[in-house]
Structures are given as structure tokens and as C-alpha cells.
Amino acid sequence: MKIALTINNTPQSFEVEARTLLVDLLRDHCHLTGTHVGCDTSQCGCCTVLKDGVSIKACTTLAVQADASSITTIEGLGQNGLHPVQVAFAQCHALQCGFCTPGMIMSSVDLLHKNANPTDEEIMQALEGNLCRCTGYVNIVAAVKVAAAQMRAGA
Amino acid sequence: MASVPLDTRSFARQEDLHLITGQGQFTADQYYPNMLHMAVIRSVHAHAKILSMDLTAVKAAPGVKLVLNHQDLASQGAKDLPHAVTLTSITGEPQQINKMPVLAKDRVHFVGQPMAFVIAETALQAQDACELAQIEFEVLQACADVTTTLASDAPILHESMSSNVSCVFSSGDKASVEKAFAAAKHVSEVRVNSQRLIGFPMEPRAVVAKYDPSSQKTRIHTPSQGLLSIQGYLSQCTGLSPEQMEIVTQDVGGSFGLRTAAYSEHVGVVIGSRLLHQAVKWVGTRSEVFLSDWHGRALSLKGSMALDERGQILAIRFDDQVDVGAYNCYMSSFIGSRNLSITMGGVYNVPALYMQSTIVYTNTVPTSAYRGAGRPDIAYAIERLIDFAAHEHGFDPLEIRRKNFIAVKDFPYKTAIGTQYDACDFNLVLDRALALSDYAGFHARRARSVSKGQLRGIGLSTYLEASGAGNVQKDQVDGQFTADRILVISGVTGASGQGHETSFAKIVDNELGLSSQFVKYQAGVHGLALIGNGTGGSRTLYGAGSAIKNLCARIREQLALVLAARWSCDVTDVTYQGGGWCRQGQDATRMPTAEVLASLSDAELQGLSGMGEAQSGATYPNGCHVAEIEIDPQTGEVQILNYVCVDELGTVISPQLVQGQVHGGVIQGFGQAFCEQVVYDEQGQLLSGSLMDYALPRSGDMPVIRNETVEVHTSLNLLGAKGVGESGCTGSLPALANAVMSALRPFGIDRMDMPFTPMKIWTALQTAQAK
Chain A
0 MKIALTINNT
10 PQSFEVEART
20 LLVDLLRDHC
30 HLTGTHVGCD
40 TSQCGCCTVL
50 KDGVSIKACT
60 TLAVQADASS
70 ITTIEGLGQN
80 GLHPVQVAFA
90 QCHALQCGFC
100 TPGMIMSSVD
110 LLHKNANPTD
120 EEIMQALEGN
130 LCRCTGYVNI
140 VAAVKVAAAQ
150 MRAGA
Chain B
0 MASVPLDTRS
10 FARQEDLHLI
20 TGQGQFTADQ
30 YYPNMLHMAV
40 IRSVHAHAKI
50 LSMDLTAVKA
60 APGVKLVLNH
70 QDLASQGAKD
80 LPHAVTLTSI
90 TGEPQQINKM
100 PVLAKDRVHF
110 VGQPMAFVIA
120 ETALQAQDAC
130 ELAQIEFEVL
140 QACADVTTTL
150 ASDAPILHES
160 MSSNVSCVFS
170 SGDKASVEKA
180 FAAAKHVSEV
190 RVNSQRLIGF
200 PMEPRAVVAK
210 YDPSSQKTRI
220 HTPSQGLLSI
230 QGYLSQCTGL
240 SPEQMEIVTQ
250 DVGGSFGLRT
260 AAYSEHVGVV
270 IGSRLLHQAV
280 KWVGTRSEVF
290 LSDWHGRALS
300 LKGSMALDER
310 GQILAIRFDD
320 QVDVGAYNCY
330 MSSFIGSRNL
340 SITMGGVYNV
350 PALYMQSTIV
360 YTNTVPTSAY
370 RGAGRPDIAY
380 AIERLIDFAA
390 HEHGFDPLEI
400 RRKNFIAVKD
410 FPYKTAIGTQ
420 YDACDFNLVL
430 DRALALSDYA
440 GFHARRARSV
450 SKGQLRGIGL
460 STYLEASGAG
470 NVQKDQVDGQ
480 FTADRILVIS
490 GVTGASGQGH
500 ETSFAKIVDN
510 ELGLSSQFVK
520 YQAGVHGLAL
530 IGNGTGGSRT
540 LYGAGSAIKN
550 LCARIREQLA
560 LVLAARWSCD
570 VTDVTYQGGG
580 WCRQGQDATR
590 MPTAEVLASL
600 SDAELQGLSG
610 MGEAQSGATY
620 PNGCHVAEIE
630 IDPQTGEVQI
640 LNYVCVDELG
650 TVISPQLVQG
660 QVHGGVIQGF
670 GQAFCEQVVY
680 DEQGQLLSGS
690 LMDYALPRSG
700 DMPVIRNETV
710 EVHTSLNLLG
720 AKGVGESGCT
730 GSLPALANAV
740 MSALRPFGID
750 RMDMPFTPMK
760 IWTALQTAQA
770 K
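Protein chains in written order, with numbering that gives the first Met the number 0: chain A, 0 to 154; chain B, 0 to 770.
None of these hints come from the bench; they were simulated from the model. Be a bit skeptical, because a hint or two may be false.
[Stated by the list, open to error] Covered, in the sense of this in silico footprint (three residues per stretch, anywhere, with C-beta under 8 Å from a C-beta of chain B), are these stretches of chain A:
#, segment
1, 42-51
2, 68-74
3, 124-135
[To be verified] Across the chosen pairs, the derived CB separations fall in these ranges:
#, chain 1, residue 1, chain 2, residue 2, range
4, A, D119, B, Q605, 40 to 46 Å
5, B, L274, A, A115, 55 to 61 Å
6, A, D51, B, D105, 51 to 57 Å
7, A, N114, B, A587, 56 to 62 Å
8, A, A148, B, Q605, 48 to 54 Å
9, A, D51, B, V524, 41 to 47 Å
10, B, D105, A, D119, 54 to 60 Å
11, B, H276, A, N114, 51 to 57 Å
12, A, N114, B, T55, 55 to 61 Å
13, B, D631, A, D51, 37 to 43 Å
14, A, T59, B, Q22, 22 to 28 Å
15, B, Q22, A, A115, 25 to 31 Å
[Stated by the list, open to error] So the derived list for chain A, only partly shown, Cβ under 10 Å to chain B, looks like this:
#, residue
16, R26
17, T34
18, H35
This structure is a prediction, so every number in the text was calculated from the model and none was measured. Where a beta carbon is used, it is the ideal one built from N, C-alpha and C, also for glycine.
Chain B on its own, in the form it takes in the complex:
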């Protein structure tokens, strides 16, 4: 086969060359001489007392260098795993918090919970040795789901507590909502589950630590979403100060919210390496990832809507149940409270809003953020609720939406819960999506499907979400020019497939006229006192990206001063436009920035280096997705016939990358809608613990995704951009679900939960037809 000569100019991204040639540097690709390997002894029970744990045989096994239990960790200064948020409950009391111990102490609370670390010369020796542990358990009754854990006779999971409720949280005005419901002509109520999912980045979780006795620093290779978050969390649970750690993140094989935090295994390799003065590596098997990566979603949302006789929404109320799993880890409480409440009115003008969520423990893997982290879930619930209400009370699903949209003239709009949306145009996106999907032609297409014995449905969602406000006040970047005139930008945020470097280079090109081969981005560089947010909440492009825009403005100011001195003119006479420089009214041609840089002395070049920063809060991406499907009533199988997304994302910097993000989000929505589901049995054993039982979307599941963007300017950040990373998920869940319900509604089926498996649909059709 003739090879193609190396020319990367046509590539979509600067990141791609090393990834398509096998030169990627993922954490498991890190090898050190004499590196040791760690394996983890995990609980096989969901809820049990540990009566005894005899690790003598493990320690004596061939190749074993070190075995650590919870006492060993405590003596090395390790602490429990952090949680990110403590809520205030409805009674005014602080939320009850039960942090996860790095290794189980006297009880285990979920299958897969780490109980001991074993470090040996080879990975196989470490795994073999784990088998020799002698552990005596007193098995306790498990609560594997929310209903069981809330039952009056449920066993109490955490001994310090009197129930399994961590917090009851509320937001909004209960009295005004109750008043609106009392006066309403129509009321509809739907409970929908956003089932527990596995985030499933393709790169299994891994960590390598190497302690250097001379500097007393530990180098930690790990996937992350940005330096500061993982460093802060690692510092909290390892007992090391941030200065004692050097975090190295190179390529990251997907994150989806799972990589901001430190896990037990991080602590094991860090402490192991310090004790043994050798590098230690842990690479999770996929089974371990199923059993121990934080799970996502696990929310149950009961929504009620009050309407007047014309279909005007008077109030929306939610009563939510949030399963945080066995412990409070990282973001779970934030998802089940703030993220479910801040956009709970969606795109609609709703005078009264109130929500309450009951946050509970179960004997399952702790939950945390997964793509969207509560925002897809609430958008899903609202959009199912409005469809349900429309059909229940005889309104057209399209018209009821238009009637209740927040009007363009009402922006900036403050919701009844206090969130302020800055600028949106919901009819604009809806109209475009209806045109692209030929919504008007659906009835004719449905008739054709029916004539072939197929069921056909169309579903739409008009969604809105709040992309991340960030937990750090500012995003800062550092820019330094190398002697080769390459602008090297360093920042906190780290990519895991989003293409940060390509988008950042595009911003520099737009702002300085410096093409991408002159721009490099590096995440998490030590020795630079930068603050900023990691990748998360879809905010890197407008967060760190705005800081880069600010950096470019500063570089332009400096360049103007240098050129003014050289040209002996006033700095105000130096103009920059379209990537080139000239003296106002004097030069016929402009000097490209690259040429200006080439002409600078080393000292002048040094003078351009510096910091850029920006403060950027949440944005409000929104859009309309339309799904059209066919169901084969003989099998219950669903086929996606057409999928259209029109997303309103503000200024788009890299259209191809935006399309990629939307595709990825939509297919993850498809996964939740049709195939993915974590299943525990009553004893808390994970039944969906491998890819044979947990179905991920495959090629061909969504053959076509047509997407377009429209722009409504936002002034919430320097770039005018809105977040895109999670919007695909948020728009697709309700569109796909509403399409399924549209196909089934003629059979009187109007309530069903995801995943819409062939079995579930077929069974529902059989039951409906038997009536």
C-alpha cells in the first residue's frame, strides 16, 4: 500500500498526528525502570461488617513488596476522600456527610469498595496475591435502590445516622407554587428516572507515581481534567502538600466528568511509591472501572405542571430523589441540588417554581458528575412533562411550547428561582429545526410507515442548560514566545479529547493573525502560579479561551509600542487589522504579525510574554433537537430515521470541533435513551459489570446526525461563546424519548422510562393490545 507523505495541513486538529500514529502518551503508557505494580483487594459484598482481614499469605506471595490496609494509610497521613459540597437542608441544618475512606475500615458499603492495596514486581503477581486474602465478613442487608433505602424498615447504612437520608434540599417559593396549583385549570404530573450510568471513558482509570527521595517530591501521572482540581483533591487525601506533588497529565482518553477527582488508587500508588522509593503503577481493568469509577445520573424526578385554560404555564414543581451511592463523593450533592434547580423552568416563562430533592445513600458505587451532571436530567424531565401535559389536556406540543417560550424582548430574563438568562431566541432555533427536519411532513411519513406495519414517532426538545460558572474566580493563562517565535500558552485546563490546543490556536489566529503552527498549548505546567478552572461544565472554550483573547490583546498592545518606537511614530498611529500592522495613513501594505515577530530582538520578544486572564461566569446554551424514529412492533426495535439538532451556542470558534462535540453528546444521549443501564440485584451485586451486560452505543446506532448552529450574541464572556460540551446530551435525551412516546401514544402508552429497550417496548405493546 502506497503511503501518503506527511502533510498535516488538512488535519482537523493539531492534536491528531500523534494519536493516529500510536504515539499518544496515556497514563498506562508510562514506564519507569524497576516499576512496581499495584492491585486492589475489593469488597465482594455490598453491605457487611469486616470481622477480620488476614493478609499474611498476601504479604508472603511471590514478588509482593508491600501490602497496605487502612491503618497503614492513616499512619502515613492519608485522609478520607473529599467531597466538594455541603448543602443546607430544608430544616436549616447542614447536610449529613459520610466521606468514603480510601480503604474500608470496619464496614464495606458497596461491591468493589477498596479494602487493601497490594504492590508487587509485576501486575500479575499483584493480582495473584490478592486472591490469597482471608477476609471474614458479617453480611448485612443491603439497600441497592432508593425505594429500599427509604423504606421504614430499611437497615441504616451509616452508623452515626438515624436514617439513610443525607439531606433534603429545596429551592424556590413553595407557597406561590401551591397557590398556582390550587388555581390551575389543568395539572399534569410525570415521574421520570434518569437511570444510573457508567461514564465509560475509553481509557480505563490509571495512575503512576514516582517518589524522588532527593527532592522529596512525588511525580504523579494520571488522567485529569485540569491541574488544580486533581492536585487539590490529592492533597486533601494523600496528606501531601501541593508543593510535594508534580502532576503530569499528557493524553487523556476521555473524561466526561469522571477525571476531576482523586480516587482511592491514587492514594495507594502515591503512598506506596514514597514507602518503597520506586515507581508504582496501577491500571484498572475494565471490570474494576465498572465497580469503582463514580457512576453517573441515578436521579428520579417527579415533575408537576399547572396550566391555565389556554395552556399557559402557571407553575412547575419537582420532587426529586437523588441516589449518591454509598458515600458523599465530590459532586453528587451539587448535581442533585443546584444543577437540578437552576434551570428547572427550562425555556419557559414560569411565574412560580419550587423543587425539593431527597438525597439518599444506597449500597452502590458513589455517584458524581457525568456529562451534563443533572442538567440533561432536568431538561429531560421538563421536556417530557410539557409533552405529557400537552397530550393530556389537548394542546399541540409545538404550540404549547411557543406559547410559553420566554420572549426575545424579555431578555435578560430572571427566572422565578433567581437564575438570570442573558440572551436567547427560542423561536429562531425552533423554526430552523422544524424546517431542517421537515416536521410538517411527519403525518404523511407516519402514514407510509403505518402502511408497512411500522410505528413512527417524532419528538422534539427545546432545551436550555447552564454551562459551568466555574469554581475558581478567574481563568489565567501564561504566554511565552520561544526563540523560534512559537507562542507557548500554558494554562490550568487540560483536554481529554475536546481539542483545546486547536481551538486556542484558532483564537490566537483570530486575534493576532498568527497561524496555528506558531501556537502551542500546554496544560498543567509547574512553576507558574496560575489559577483557573479545569475542563468541566463545558466552560473551557469561553473560560480559558477568553483569557487567551485577553492575552492576545496584551500582546497587541506591546507590539504596538515596539512598532511605534521603531517607526518613530505615536503608538496611536500604529494600527492592527486582519493580522497585519501598519502606520495609519502611511503604509499601503500591512506587515503580518509573524513577520513582525521575526524582526524583533530577543529583548523585545521577551517583553511580549506575560499573562492573560478573564472572568467568565455561566452561559445558557440552548437549542432544538428533533428525532424521528420507527418502531417494529414485532420486535420492539427502534430505528433512528432522522436526527436534527439546531444549537444556539453564541460565537462558534471551531465549527468542525463543535460538530464533533454535538455528535458525541447526542450519541451519549442515545446510549442512555436506548441501551445503557446500571443494574444491581437486591443484594447489591452489580449485574451489569462488563460490556456483555452494559450496552454502549455502537457504530450504526445513529447513522445520521444533522447539526447546525445559530448565534445569539452573549456578552457574558469576552468571546461571546456558550458551552457546547454537554448540550448534545441535554438536547437528545428528551427528543429521543418524546419520539418513542409519540410512536407509542396511539396505543395508550404515555409513561415509560429509559432505556427504551426492544424488550420493554415490545412488552408494553403486548400489554396495551391485550387490553
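The following block holds chain A by itself, in its conformation from the complex:
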């Protein structure tokens, strides 16, 4: 099947099998390997990307479902430098092994797009679909707060 979509601001078209997953299109065809597969079943959130600005899990989205949409991956987030969420994660030691980090950052970006000043509880709830085995989440929540403050100050 032929699909045409925009990936990280670049329009592209592909010939894919109907069963091809969006995450496999991104990783195997586009070599955008920052989007990770952690569970294949949409529970861990490592594969989170933005579709038309909204976070989705690329491991349970078919590539054909992304036809005519605009996909942003971790590689496309800070094309002219770093996104404030990326910086805050590094500053707050919100990552250890880094495997969950791209998905965690994409979910956080989605949250801050919808809610510029989230409470701790709102952050925890927004990140419930993203698992991290290393950090205990405390520093991740702190990083999202820091990023939110920086984005509000810079808006």
C-alpha cells in the first residue's frame, strides 16, 4: 500500500505492507531509531511519537493509519537546538539507561502542549502510560515541572 506522510517536517512516501507498524516504518525504513520498542503491546510507552501534535504509541499504530499525517519523533523535536523538556530531563537526572527517555519526553511534550502549568498529580497521571525501570519517576516529574516553568517563561 502506498502512503504519504510528513516525518519530522519532511514529506515522504512509502510502499508498505498493510500489517507494517508505524514504529517499524520509522525504525527499519527511516532509521529513526530513537523511537524504541519496549513491549509491543502499547503499555510501556517507549515508542511514543507525536501524530499531528498528539502523542500516540507507534507500536500499535499501523503505518497506513499515519497516512496523510505529520509525525514528530524524538529526532525531530529539537531540530534547531534542544526542546526545553529534553534539557530539563538532562538537568534533573531524569534518565538513567535512557531507553524509556524518548517516549517519556514525547509524552511530556504532549502534556505541556495541553497544560502549560500542570500539578505533580497531573504530570504523574499524564505519564502513567510510560514505564521507567531505573529512576523511580521522582526526577522525571521534577523535570517536567522545570520544563513547564521554562516554557512559560519563554512563551
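Assemble the complex: chain A is given as a structure, and chain B must be docked to it using the hints.
Leaving out everything else, chain B in the frame of chain A:
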């Protein structure tokens, strides 16, 4: 959205930039041209004879290039998977060992056991082809748990044996313990289970192999915890010599003990690539990881404590059951013997200690190390036992601890089992934790909770563990300066999120005054004959880190010689302090090390290169954790209200990274205490085989973790540091459990096993109230 310009100076770690930008290089991110993909045919039965296995249709499926069964592997020189330790049993006989075959031969012993490898052009083709296998089984009765496997009428799992017991191990002085129990005023006994867990690094297990026919070497990309361990194990089971392998580990998405060893799939891709002369990749699905990554814990510990009339401990005895799963793989026997015994008295002065563990097979995934590997388990058992004994015999849980602490003046202290702790101050950590947690104010807070219809509990643990002694005698590192004056350090240990590079650079900064942008660390470099330990047992910082301190001392010696020649003075007149160099009594200002390096000739720079090494044994990190919780009796749900940890870790090199390690350890303890649990049914089918059934901690489960460190100097390594990687787990299991028991004890509930799920708590409360 305006982007932030690239400035990484405020980052916590040097490792972070590539990870936050999607530039990480994990094993699955490795792609080669014309790379093939492997899938695994796995057993669907827990215990069965393989009557026939017809793979004709698999071989004929679209895209399939190669299918391997156990005979194919044997003809290529493959051997069974290694085990790390053979114990001596209580009778003096060596432990019975049943190694796991890479692929099942005539029997399968657990659901998920690899039976054949299928290599095809695409991953989907390989997976599709697996479905076409025709396998005829004679299903046998399974033993899915320890009780079943020890029953007198249990089926025997391994045909060469007369029972399902691999070994009965013992340690300590049984006679003196029995004598102490006979004379005791009070005796308490508690059996606690440390249930089977999934280690669950976020990066699923993966391996890519690429054979180069011209050099006859195989490059192997795989997550690991350090070069030598995985190389040695791979060599044992693939039949290749270490020289025929080039192991490449870049980023590793968590390890927690699971990544030191070679698994069946490593052997499949290595042999497949050699036969096909093409790169072969295997990336486990999460379901496969549940079914085949070594499981952790699976220990049952029955502890007994003998006390005199004043609450002084006279003896502790443990009778443990250790479930190694279907085969002896890697560390399981070590965990169930040595690691359960060496600190079995905890922080207490116990005159007599004895333990026995019965190590058994079941039709389940083999077990091995998971964060702490027996040490959290024994600390958990001791700290639950002392709380239980205090309440059973009317002692205050705090006072009974203080009364029995090994006193500061008694260090170095040799336990009744023979372990020597060097230096600790248990009252120091306890006092600080009590202050931070406002322990004294608990009764008032409990009264407020009760007035709202909530149950409130507080639990404390005063834990001690032995961090890794290492299985290699020394840790060595190599240091080379590049033309840009960057110090590139190479070593054996590889990180999987710990931040080795950042901590090592901090050590160099402390020792040489060379800031982190001038220091790089690389793990597992070929062509360097280095020995050392991998990441494990929380020992990298003080193991490899001490070697780096030694390297820096050698570089300082060389620099002093160079400067003495340049300044035409005696080398003893060249002084280094606070990152700068000068002539004693002559120079008003010091020349920073970076400036000295910039002024060196190429030959002088070369002369600085060399090796650093250190011998570092086990250390004894300890601490006090305090958990305060509320239980809603209507639902059985537990909320963590406050969590305090005061950890005594010796010299802290990177406080932010230490905090991160403690947080991570504590939340994994939370996972075991409240949600994680591997469940098999009676037939040995894994019921908790996905994230829908196996609950991992999520954001918000522990909203606040307050942690501090205190330092008691240790002279056991050059840095004076103690291990931190696993202490969070070790401290949190008993603190959280004791908090739950504290909330439930008013209802007469004093025994309960992890995980403390709402269902379990609610049911216990209903039963207690009905009485």
C-alpha cells in the same frame, strides 16, 4: 516552540545528550546491509517429552534461510549454557548440576524454552515460519512451585536424578545455635517469601552477530554488564574462542543483573551468521522476555530468632528454599547459598548463626541475579523477623534494634558466620532517619488517620548488605591521552544507566584537576589485555573507580617528572594541589593540569599513558529506611505518605547519581512489595506473561523519596566508597513491609507475604473483622 541552544554544562551526566536526542545506540538499533532475522520456536509445555519435531514446512516457508535444532548446534561445536557456581552440599557431595541446553533435546522443562531457531530475510517471515512447526509432545506432570516439587510423589524433572533437589547447602554452627535456642527465654519464627520477579530492563534482550569470513571473527552486538563476563560465557557455549569474537556493547537499556550471561539466542545468531556469512539479528518481543529472561528472587526464607529476657539476640537460624527453575543457570545457586548467608545476622551482634538452604528445580524459567541477588531478600527476612519478635514478646521495635546493634567500638566486627564488617555506625544512621521522618510524631499522625477511617503504619529497616567482592582479582583500566589532550580511559565494566563515564570523570577531576570535558570512558575495548569485573554487585564505582584513582596517581608521578626536568628542579620540589602544579616555595600561582598537558610535547604526552589498577573487595553499605503509609480499609489500597532513606555509603563521588540509584532501588523494592509477582498455574503456564498481568511501578506510586547519605570511612578500597546500586532495594523491602504490618497489626494480622495487593489486604481485614 523556541528551542534552547545547545549547552550541556548544566546536564547531570556526560552520557545524556545522545540519549535525550534519540541518538542512543542500543542493540536493536544496529542495522547491517542484507541483515537476516532470527525467531525462536519455544516450548508451549512446562514439562514434556519431545516425541517428534518436524520442521520441513518451516524450512520451506517464504524467506527462510536456515533452521537450526539441537543437533545442528552440536555439530557446530555449541555446548550447554554455563552455570557459574557448583556448591558443596551438606553431605560433602558436590551439588547436582543440570545445565540448560541451548535448544531442547528430548525433553522440555519450562514454557518458553527454546526448541529451534529460524532465520529468514525479515523478522515477520521468521515469526510466520515458526508457526509451521509440527511438534509432537508427551505432556508430563509439571512442578510449578517448590511445594509441589518437594512432595514425595512429585515427578522427577531431570532423569539422571532421584529427587528434584539440586543441593542442600549449609553455613554456620548448628550445634551452638541449637544450644542457644534451647536456653532462650523467647523464640520467634517467621517464614517470608521473596516472590519470583521479572527483572524487566526496559530494553528487551537483543543480539546481532556478523561473521567476517576473511578474519573468521564474529562481531557480536549485545547488551552486557561488561566485556569479560559475557565473552567468557559466550565462549563456553558457542564453541568460539574469545579471540574469535568481538563484543560490541554501546548503550544498554538497563541490566539489573540479567545481562552478564549468554542466553540461547546469542548462540543462535552467532552460529547462524557463521553458517550464512550474513549478519543475523534477534530482538526479543516483550512476551519472549517474560518467558525467557532469567527470573529473579524465588526464595522462601524461614527465620527463627532466640532472645533472652531482656531482648538480647542469642541466635538466628534460617531454613531457606531456593527455586532455581528448570536448570542451573549462572548465579542462582550462588544467590541461594553464599548471598543468603554472609550477612544473615544483619546489623546485629548475634553470637550464633546457622542457615540451611534447599535448592530445588521446578518447571519454570531458570532464575539468576536480579538487583541485590539474595541480599535484599535476607535483609528483608531479618528485619521482618526482628519486628515480629519485638511485637510477639513485648519489646519496642526501635529499642530492640538499638540494644542489639553491633557497637561502633566493636568494628572491625567478625560475624558468627565469618564475614568481617570493617566500619559502620548504625545508631548514627538510625538517629538521622528518625529525625527526618519525624518518627516520634507518628502516634499523633496515626490518630488523625484513624479519625478519618484510615489505617496508618510506620515501618523501619536498619539494613546492611555486602556489595560485590568481584570474581576477578583486580580491576584494571588503561589511560591514553589523545592529541587533543583528552584522557580516554578504557576498562572492562560497562554501564547500563549507572553513569560510569560521569562518575569516572569526577574521580579524574578530584585526582588530577582535569574537568569532565577532557575525560572519556569506553567499555570493552579490544586489543587491550585488561582484566576487571563487570557491572554487578554495586561494585563498579569502588572497583574500576579505584583503578582510575590509581591511574591518576601514576599520571601525577609522570607529570611531576616532566615538570621537574622542565623547571630544572628536584622532583620532590614539584607539588600538586587542588588541580594545579608549582615549585615548592617558588611559584606564587599554580599551573592547572590542563595547561600543563597543553604544553607537553607528543613524546611527553605519550609517556603519561599507561595502566591503573586496584584490588577492592566487598564493602558493607548500610542504612535506615523509614516508610509511612495509609491503608484505606474499604479497598485495601495502600498510599505511601512519606519515605525517608539515610544510607551510609562511605565516600560519595557523585551525589546526584547516588540519589538516582537510591530512587531506582527503592522503587524496585516498592514493585516487589506492592505489585510485582510472577504467577504460574499448576501446569506451569505463565499467567503473568505481559504488562497487563505483571504490574510494574508507575509514576505517582512513590511521589516522594527523601534521601540523605552519611559517611563512615572505609579503608576497603582506595576511594573509601561503598556500593549503592542495590542498597535502595535492600532497605526498602523491609521498611515498606514493616509499615504495612504496622498498619494491620491492630487487627491481629501479623503475617502476610508480598506483594501487598489491595485484594490481599482487604481480604485479610475482612477475615480478621469477621472473627
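Here is what the structure says about each hint:
1. 42-51: holds (count 3)
2. 68-74: holds (count 3)
3. 124-135: holds (count 10)
4. A:D119 with B:Q605: 40 to 46 Å: Hint violated: Cβ distance 54 Å, outside 40 to 46 Å.
5. B:L274 with A:A115: 55 to 61 Å: Holds - the Cβ-Cβ distance for L274 (chain B) and A115 (chain A), about 58 Å, lies within 55 to 61 Å.
6. A:D51 with B:D105: 51 to 57 Å: Given a distance of about 56 Å, which is inside 51 to 57 Å, the answer is holds.
7. A:N114 with B:A587: 56 to 62 Å: 58 Å, holds
8. A:A148 with B:Q605: 48 to 54 Å: For A148 (chain A) and Q605 (chain B) the Cβ distance comes to about 49 Å; the hint holds.
9. A:D51 with B:V524: 41 to 47 Å: 45 Å, holds
10. B:D105 with A:D119: 54 to 60 Å: Holds: the Cβ-Cβ distance is about 57 Å, inside 54 to 60 Å.
11. B:H276 with A:N114: 51 to 57 Å: 55 Å Cβ-Cβ, so the 51 to 57 Å window holds.
12. A:N114 with B:T55: 55 to 61 Å: 58 Å, holds
13. B:D631 with A:D51: 37 to 43 Å: 40 Å, holds
14. A:T59 with B:Q22: 22 to 28 Å: 25 Å Cβ-Cβ, so the 22 to 28 Å window holds.
15. B:Q22 with A:A115: 25 to 31 Å: 28 Å, holds
16. R26: 8 Å, holds
17. T34: This interface hint holds because 7 Å falls under the 10 Å limit.
18. H35: 7 Å, holds
This entry does not satisfy hint 4, going by the numbered hints stated previously; all others are met.
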